[in-house]
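A.B. asks: Below are the chains, spelled out letter by letter.
Number of protein chains: 2
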Amino acid sequence: MTDVDVPESHPRYESLLTRHRIEEGVEKGITSRQGLIAQGRGEAFDYLLGEETIPSADRAERVAAARLLLAERPVLSVNGNVAALVPGEMVELATVVDADIEVNLFNRTKQRMEAIAAHLRDHGADEVKGLTADARIPGLDHERAKVDADGIHAADVVLVPLEDGDRATALAEMGKSEIVIDLNPRSRSAEAAAVPLVDNIIRAVPNITRHAREMADADAEILREHVERFDPSEALADAEQRIRDGDLA
Amino acid sequence: MTDVDVPESHPRYESLLTRHRIEEGVEKGITSRQGLIAQGRGEAFDYLLGEETIPSADRAERVAAARLLLAERPVLSVNGNVAALVPGEMVELATVVDADIEVNLFNRTKQRMEAIAAHLRDHGADEVKGLTADARIPGLDHERAKVDADGIHAADVVLVPLEDGDRATALAEMGKSEIVIDLNPRSRSAEAAAVPLVDNIIRAVPNITRHAREMADADAEILREHVERFDPSEALADAEQRIRDGDLA
Numbered sequence: 000m001t002d003v004d005v006p007e008s009h010p011r012y013e014s015l016l017t018r019h020r021i022e023e024g025v026e027k028g029i030t031s032r033q034g035l036i037a038q039g040r041g042e043a044f045d046y047l048l049g050e051e052t053i054p055s056a057d058r059a060e061r062v063a064a065a066r067l068l069l070a071e072r073p074v075l076s077v078n079g080n081v082a083a084l085v086p087g088e089m090v091e092l093a094t095v096v097d098a099d100i101e102v103n104l105f106n107r108t109k110q111r112m113e114a115i116a117a118h119l120r121d122h123g124a125d126e127v128k129g130l131t132a133d134a135r136i137p138g139l140d141h142e143r144a145k146v147d148a149d150g151i152h153a154a155d156v157v158l159v160p161l162e163d164g165d166r167a168t169a170l171a172e173m174g175k176s177e178i179v180i181d182l183n184p185r186s187r188s189a190e191a192a193a194v195p196l197v198d199n200i201i202r203a204v205p206n207i208t209r210h211a212r213e214m215a216d217a218d219a220e221i222l223r224e225h226v227e228r229f230d231p232s233e234a235l236a237d238a239e240q241r242i243r244d245g246d247l248a
Numbered sequence: 000m001t002d003v004d005v006p007e008s009h010p011r012y013e014s015l016l017t018r019h020r021i022e023e024g025v026e027k028g029i030t031s032r033q034g035l036i037a038q039g040r041g042e043a044f045d046y047l048l049g050e051e052t053i054p055s056a057d058r059a060e061r062v063a064a065a066r067l068l069l070a071e072r073p074v075l076s077v078n079g080n081v082a083a084l085v086p087g088e089m090v091e092l093a094t095v096v097d098a099d100i101e102v103n104l105f106n107r108t109k110q111r112m113e114a115i116a117a118h119l120r121d122h123g124a125d126e127v128k129g130l131t132a133d134a135r136i137p138g139l140d141h142e143r144a145k146v147d148a149d150g151i152h153a154a155d156v157v158l159v160p161l162e163d164g165d166r167a168t169a170l171a172e173m174g175k176s177e178i179v180i181d182l183n184p185r186s187r188s189a190e191a192a193a194v195p196l197v198d199n200i201i202r203a204v205p206n207i208t209r210h211a212r213e214m215a216d217a218d219a220e221i222l223r224e225h226v227e228r229f230d231p232s233e234a235l236a237d238a239e240q241r242i243r244d245g246d247l248a
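Chain order of the listed sequences is F and D. Here numbering that gives the first Met the number 0 is used: position 213 in the first sequence is 212, and no number is missing along the way. Here numbering that gives the first Met the number 0 is used: position 113 in the second sequence is 112, and no number is missing along the way.
Hint data in this document are derived by calculation from the structure and do not stem from the laboratory. Keep in mind that the hints are not guaranteed to be accurate.
[Said to hold, decoys possible] Capping the alpha-carbon separation at 20 Å, the derived lysine to any residue pairs in SDA-like fashion look like this: (1) D:LYS27 x D:GLN110; (2) F:LYS27 x D:GLY28; (3) F:LYS27 x D:GLU26; (4) D:LYS27 x F:ARG32; (5) D:LYS27 x F:GLY28; (6) F:LYS109 x F:GLU126; (7) F:LYS109 x F:ARG120; (8) D:LYS27 x F:GLN33; (9) D:LYS109 x D:ASP133; (10) F:LYS27 x F:ARG111; (11) F:LYS27 x D:GLN33; (12) D:LYS27 x F:GLU26; (13) F:LYS27 x D:VAL25; (14) D:LYS27 x F:VAL25; (15) F:LYS27 x D:ARG32.
Because the structure is a prediction, the values reported are computed rather than measured.
Given the sequences, and given the hints that come with them, work out the whole structure.
C.D. replies: If you want it as structure tokens, here you go:
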């Protein structure tokens, strides 16, 4: 996180970094107009949350790390905003938990798919899936259903940050265990998730990576205990409470 | 409101219309990237408010109408999102309360100023101020301070929808009576306002016009009573309560 000319100690560092990366995403044809509007919705919820990783989100991020470490075929799904906001952080997480990265867009165009894949490679990704698109998620429109047969289609655990509600629901119906990052705890995506993370993606992804590094050598039994003890509805209820009690000023 | 192919009875009509107009704003070079992000923030707050004009906002909009009718030199300030979202509605309100319209941008470029003025003229505006820029608001950076001497600078009452906090504060310090439309009741703009309207601009502007039409022939005494009885902090507290109690789903 050294790509913006502001010291990390600056009180608005995170927000300035986010703006800078989103702007860059637009320049590169990665972030769409819908993505900019979605970014604004996230900002409002993050503001209500206090712009911090709340304790229940931190616990959920540890569970997400455990879930990814236990997975046989974990895939990290990347859309335009994810690629703009946390390209290097997603590549790092993929390395630590040995996951594939797959580009998956709500507004799919060949040009955006390729711009995003190139952006991820610039940030260290070896292989980027999603361009083959030789399989489909059942129950979705043709363009929105496209996935790679050896990527999301075959995955047991999928991290889908900032996902659209229809697709999150369809993936859950395919039996995928979904980890969703969404700042609205009552969104359909958050509710479809096995592990919902109500947190800003800028904070959430590095925090999952940190937890995964800490647990990398843990017994599978201990990881499974973490996953089993987790209650997604409790995490969502806690986040909602924080949003309702948060400081609006 | 007939510029989108969806019947007005459609449950998502307002939201679809908003999207359509914002997209058109981008095409025409009226809406900026910052404007798209701001639109998203507004969507999140509107969602928490229940996407309706709450009773306290309706009362505040009646007060705003009275304040505009009583004004000697009312000005309606228009930025990129306002021009994209409610061009015809702003022109109609200006006619009903006999106000000037002035373009005022946070990211001021000659090209955007002219595109917005042209868009307002396409929607029926006779005269659009803001391009002369022969006066300054004290206490702001050079570009952000620019206003017309016979427009905002000389106004007694200014409607500033979706205004930046610094400028709203600076205008209040100049002694202007400000009517602010802002979906975040704890924003600095809303707090600087004599009449804060916590409502979606798409609903607020036509509603101020409706109230102004109803009160057009009322005695000044009655209008003044409306204005004097109004308590801005009570309106803001009520809106905040609604946001906290609103349905997140």
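A.B. asks: All hints, please: hold or fail.
C.D. replies: Evaluation of the provided hints:
For the given pair, LYS27 (chain D) sits about 11 Å from GLN110 (chain D) by alpha-carbon distance, which is consistent with the 20 Å threshold. This hinted pair checks out: LYS27 (chain F) and GLY28 (chain D) have alpha carbons roughly 19 Å apart, not beyond 20 Å. For the suggested pair LYS27 (chain F) and GLU26 (chain D), the alpha carbons sit about 18 Å apart, so the restraint of at most 20 Å is met. Only pairs whose Cα atoms come within 20 Å are accepted, and LYS27 (chain D) paired with ARG32 (chain F) is accepted, the gap being roughly 14 Å.
A distance of roughly 19 Å separates the Cα atoms of LYS27 (chain D) and GLY28 (chain F); the hinted pair therefore holds under the 20 Å criterion. With a C-alpha separation of about 17 Å, the suggested pairing of LYS109 (chain F) with GLU126 (chain F) holds against the 20 Å cut-off. A C-alpha spacing of about 16 Å is found between LYS109 (chain F) and ARG120 (chain F), which places the hinted pair at or below 20 Å, so the restraint holds. Taking the CA atoms of LYS27 (chain D) and GLN33 (chain F), the gap is near 17 Å; set against the 20 Å cutoff, the hint holds.
A hinted pair counts as satisfied when its Cα atoms are at most 20 Å apart, and LYS109 (chain D) with ASP133 (chain D) qualifies at roughly 14 Å. Of the supplied pair hints, the one linking LYS27 (chain F) and ARG111 (chain F) holds, its CA atoms being roughly 9 Å apart against a limit of 20 Å. Distance check on the hinted pair: LYS27 (chain F) and GLN33 (chain D) sit about 17 Å apart at the alpha-carbon level, within 20 Å; holds. Distance check on the hinted pair: LYS27 (chain D) and GLU26 (chain F) sit about 18 Å apart at the alpha-carbon level, within 20 Å; holds.
Under the criterion of a C-alpha separation no larger than 20 Å, the hint pairing LYS27 (chain F) with VAL25 (chain D) is consistent with the structure, at around 17 Å. A distance of roughly 17 Å separates the Cα atoms of LYS27 (chain D) and VAL25 (chain F); the hinted pair therefore holds under the 20 Å criterion. A C-alpha spacing of about 14 Å is found between LYS27 (chain F) and ARG32 (chain D), which places the hinted pair at or below 20 Å, so the restraint holds.
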